[in-house]
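Keeping their order, the protein sequence lines are chains A and Z. Numbered per our numbering, the first sequence spans residues 46 to 529. Numbered per our numbering, the second sequence spans residues 46 to 529.
These aren't lab readings, by the way, just hints derived from the structure by calculation. One or more hints might be untrue.
[What the hints assert, rightly or not] Derived DSSO-like pairs (lysine-lysine); straight-line CA-CA distance at most 30 Å:
#, chain 1, residue 1, chain 2, residue 2
1, A, 458, A, 429
2, A, 290, Z, 290
3, Z, 197, A, 228
4, Z, 197, Z, 396
5, Z, 458, Z, 429
6, A, 510, Z, 510
7, A, 197, Z, 228
8, A, 429, A, 513
9, Z, 228, A, 228
10, A, 513, Z, 510
11, A, 228, Z, 334
12, A, 290, Z, 228
13, A, 228, A, 334
[Claimed, not checked] Short derived list, chain A residues pointing at chain Z, Cβ under 8 Å:
#, residue
14, 73
15, 75
16, 79
17, 168
18, 170
19, 172
20, 175
21, 254
22, 255
23, 257
24, 258
25, 266
26, 416
27, 514
Every residue, glycine too, gets a C-beta built ideally from N, C-alpha and C.
2 protein chains.
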Amino acid sequence: VRAVAPPDRSSAPSALRADSFKGAGDFGPRVERAAVAALKAALVAQLPEGGLRDDPATLAAFGHDESNTLFAFPETTAQVQAIVRACMAHGVPVTPVGARSGKSGGSLPVRGGLSLCLEKLDHILLVDDQNLIAVAQAGVVLGALHAAVEAKGLFYAPDPNSLDWCTLGGNVAENAGGPRALKYGVTRDHVIGLEWVLPSGEAIRLGRRVHKGVTGYDLLGLFVGSEGTLGVATEVTVKLLPLPKVVLTALVLFQQVEQAAQASTRLLQSQLLPRCLELLDDVALAAVKGAGLQLPQASQAVLLIELDGPTEDSVLAEAQTLEAVCRAEGALEVRVARDETQRAGLWAVRKSVSGALKLFEGRKVSEDVVVPRARLGEAIARFKALGAAARLTVATYGHAGDGNLHTNVLYSKAEQKPEVDALVAAIAREAVALGGTLTGEHGIGVAKRHLLTLEQGPGLIAVQKSVKAALDPLGLFNPGKIFP
Amino acid sequence: VRAVAPPDRSSAPSALRADSFKGAGDFGPRVERAAVAALKAALVAQLPEGGLRDDPATLAAFGHDESNTLFAFPETTAQVQAIVRACMAHGVPVTPVGARSGKSGGSLPVRGGLSLCLEKLDHILLVDDQNLIAVAQAGVVLGALHAAVEAKGLFYAPDPNSLDWCTLGGNVAENAGGPRALKYGVTRDHVIGLEWVLPSGEAIRLGRRVHKGVTGYDLLGLFVGSEGTLGVATEVTVKLLPLPKVVLTALVLFQQVEQAAQASTRLLQSQLLPRCLELLDDVALAAVKGAGLQLPQASQAVLLIELDGPTEDSVLAEAQTLEAVCRAEGALEVRVARDETQRAGLWAVRKSVSGALKLFEGRKVSEDVVVPRARLGEAIARFKALGAAARLTVATYGHAGDGNLHTNVLYSKAEQKPEVDALVAAIAREAVALGGTLTGEHGIGVAKRHLLTLEQGPGLIAVQKSVKAALDPLGLFNPGKIFP
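Next comes chain A alone, as it looks inside the complex:
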């Protein structure tokens, strides 16, 4: 099975650029130009034509303008191994790159060196409707996997916003989530096997092709979400579910965001487990006004809720509970999508929020904190108050059901960046104080590494670093990420 071609990359939101993180701390010495030249000479014969690039067009496309950066596009696991081994031999940092749709700068070569681009490993190898598993190479676009799996009546749940261009390997590196994580879990919950190239260049197979197994340590668990710092996936085996039979999508309008937050908390306490429970506040709604959503003036917040289940009757029964709970919290209106077009329309609005917020004032920083579900309303109010005190606009939207808020700080002038960064840090501090975590699905990367100690103690960080040192003793695999 050949995956569909990835969509035009220009449709992706502009990738994070290395210079966005100029202020984010010391990444260690940049690699010497001579070492990169020696690496290039050693590798060029081992890769297919065009498999090694440092031309200006590639540099521009990947958002870099440094001359000590090299881009490799291997087509086989053996080529990935050769590249990693050569990088280690030449002391050149190697940074795995998927579709560059990440939100924490994980694929940025902050010390220069080789960018290991997996996009040519783009074959779906197996969709097995007997055993309910799929096997795909790391560069397969998630949307292509969804399509291949759904064509057989099966379901792969993770659905990050970027699913039409992000890759499975990137999902593994970042442990990607998405709206459906509420009911179905994140990437880690679905990956059962990996082919993995270690920082040593050795390729190992780990995990299994069956749904269950506890042989040895769960290195799968360790590698998924390791943000490209412990090696790189070349092939991924995932478990599949039967495609849910009935899906119902509803948009619930509220006057105030506090009511929407409260309704979200109550819904999860009423024995319902929607597959998605998304929130958009007033700023997010204002940003997507042009996206085709007609709302009464009074509605300053919405919940986008999706239920799935085995029969129409069972889903409709849950929808009645949903409506009753939302009405009790003051919902103005409950709109149910009556067909696939209406459903797609509601999701198009939700998916356009991230881009629309960027255009709203010209610039933004996107947060990704998680707070306990029952403190959602309190968290949103505190974040807005922090924004007001800093005279910056805070927009909140995201996976309310998980307590995972994409709190965005909007601004217009580059000079405001220090105040923006201070506000982002304050929001992170507040989320941790509320009993939450720094990042629900974006990862730490370079974007949040200076905040890591807000959440994790020195003992926990030391253990992680000892694991990193055991697997990557030279410290050349995606350096400068996660740890401050």
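We have chain A already, so just place chain Z on it with the hints.
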């Protein structure tokens, strides 16, 4: 909240004894008696009265008769830390012990030394129906957690057979499963936070109290299922689900085990996801004959299937599909439990299989392999053929839906053990050849470490050992387990 008292330990199946594994290879030198004496002298003042024992009654109760073994019963995390630190200082191996209900010998002190018994850490600290989480100490009995959680209308899914006496800490160490793993996953899928004492004696908190989060490496994933070799959990935070509203339990009778296996495969291909799908073959049925199950002579295999869902109608609709699929595969009869008593009766039969098989010929070795779901029938036939060739009885039962078979080799005389071990190895080899794995939920421990290389290559084993060495450089934390 105080947990209910653990049930009388004498009701537990007799624990694996160290001498069961006399032939399982070299565990390294047994600890010197003098080192244990020095450790005892150092620790006695740091633990509460009765917190350190080496009396004959304790030795007998724990199935050991070695004089260089010491049992510690800490009541606080600080005491656990003191014990671990003292063991490291005195060069004495330390082996975490839960309820000794494990199936792979993980809690056996194969080199002697200190057995770290967590049973006094038995408090349920929080059941939060606002945020759908629970926090409990490692020594809490799983059944007590179930009761506390279900009293609030919530659900903690993992349900190993030993749930009335096994502990949450043991579940974490072994990544325990159970019948409901088919729909709801295993322990790893539910643990979101841990307090963990490292081999260094340092206590760290990892994970979180919210359902979602990707800050740093997923050490939770690594530690869950590490079989007591990377440290020990003292406190566990789990996520909870709403208690499923409607549950339907059915017993389906087949003439032949091949039909039952085929029906199991077909059920999972018919868009159904039962929460449990268990199989018992002719030998297992013969063993439990006295347990109150009346079956026609012609029925030589059964499936025990449990569906859950949001409404009675939706579950009944799925039950109709279930019946149609099973009838098409030749089911003789589909019995649906009509009330809670009948339901409990069916499960009592299923739960009595393990013990009944032990009594059947006097001795048994229990396998725990997993095979791809679609090859279940083929696997059972091959295992039985291997048994026939070795003139040993093979019983097969277990989690058919997961492909996780508790294949048991029955025998009567100690002299048969070498042939039994050879048959067990042959079954393991066959499972791996079929695309499966050595263990679905019991772990490797000492029971299967000599088989590990059947499934895992040297590269994968080396990575695991490097992680182990990074965290336990002295190699004193539960030595002799997992790795050959």
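Evaluated hints:
Of the supplied pair hints, the one linking residue 458 of chain A and residue 429 of chain A holds, its CA atoms being roughly 20 Å apart against a limit of 30 Å. Taking the CA atoms of residue 290 of chain A and residue 290 of chain Z, the gap is about 19 Å. The hint holds against a cut of 30 Å. Using a Cα cut-off of 30 Å, the hinted pair residue 197 of chain Z and residue 228 of chain A holds, with the two alpha carbons roughly 20 Å apart. About 26 Å separates the Cα atoms of residue 197 of chain Z and residue 396 of chain Z, which keeps this hinted pair within 30 Å; it holds.
Distance restraint check for residue 458 of chain Z and residue 429 of chain Z: the Cα-Cα separation of roughly 20 Å lies within the 30 Å cut-off, and the hinted pair is therefore satisfied. The straight-line distance between the Cα atoms of residue 510 of chain A and residue 510 of chain Z is roughly 16 Å, inside the 30 Å bound, and the hint therefore holds. Using a Cα cut-off of 30 Å, the hinted pair residue 197 of chain A and residue 228 of chain Z holds, with the two alpha carbons roughly 20 Å apart. For a cut-off of 30 Å, the pair hint linking residue 429 of chain A to residue 513 of chain A is broken: about 38 Å separates their Cα positions.
The suggested pairing of residue 228 of chain Z with residue 228 of chain A holds, with an alpha-carbon distance near 12 Å, which does not exceed 30 Å. Restraint check for residue 513 of chain A and residue 510 of chain Z: satisfied, since their Cα atoms lie roughly 14 Å apart, inside the 30 Å limit. For a cut-off of 30 Å, the pair hint linking residue 228 of chain A to residue 334 of chain Z is broken: about 40 Å separates their Cα positions. Between the alpha carbons of residue 290 of chain A and residue 228 of chain Z the distance comes to roughly 16 Å, so the proposed pair stays at or under 30 Å and holds.
Simply put, residue 228 of chain A and residue 334 of chain A have alpha-carbon atoms about 29 Å apart, close enough for the 30 Å limit, and the pair holds. Here the hint on residue 73 of chain A is broken, as its CB sits about 19 Å from the closest CB of chain Z, past 8 Å. A distance limit of 8 Å between C-beta atoms decides the matter here; for residue 75 of chain A the minimum to chain Z is near 25 Å, and the interface restraint is violated. Violation of the interface hint for residue 79 of chain A is found here, the shortest Cβ-Cβ separation to chain Z being roughly 32 Å, above the 8 Å cut-off.
Evaluation of the residue 168 of chain A hint against chain Z yields a violated restraint, the C-beta minimum of about 20 Å exceeding 8 Å. At a threshold of 8 Å, the smallest CB-CB gap from residue 170 of chain A to chain Z is about 14 Å, leaving the interface hint violated. Checking residue 172 of chain A against chain Z: minimum C-beta separation of about 13 Å lies over 8 Å; hint violated. Taking 8 Å as the C-beta cut-off, the interface hint given for residue 175 of chain A holds, the closest approach to chain Z being about 4 Å.
At about 5 Å, the closest approach between the beta carbon of residue 254 of chain A and any beta carbon in chain Z falls short of 8 Å, and the interface hint on this residue holds. Because the smallest distance between the Cβ of residue 255 of chain A and any Cβ of chain Z comes to about 5 Å, under 8 Å, the interface hint for this residue holds. Contact between residue 257 of chain A and chain Z, as hinted, is supported at the beta carbon level, the nearest pair being about 4 Å apart and thus within 8 Å. Interface hint at residue 258 of chain A: satisfied, since its Cβ lies 4 Å from the closest Cβ of chain Z, which is below the 8 Å cut-off.
With a cut of 8 Å, the hint placing residue 266 of chain A at the interface with chain Z holds, because the nearest CB-to-CB distance is about 2 Å. Evaluation of the residue 416 of chain A hint against chain Z yields a held restraint, the C-beta minimum of about 7 Å falling below 8 Å. Among the interface hints, the one on residue 514 of chain A holds; its C-beta lies about 7 Å from the nearest C-beta in chain Z, closer than the 8 Å criterion.
Against the hints set out earlier in the document, violations occur for numbers 8, 11, 14, 15, 16, 17, 18, 19.
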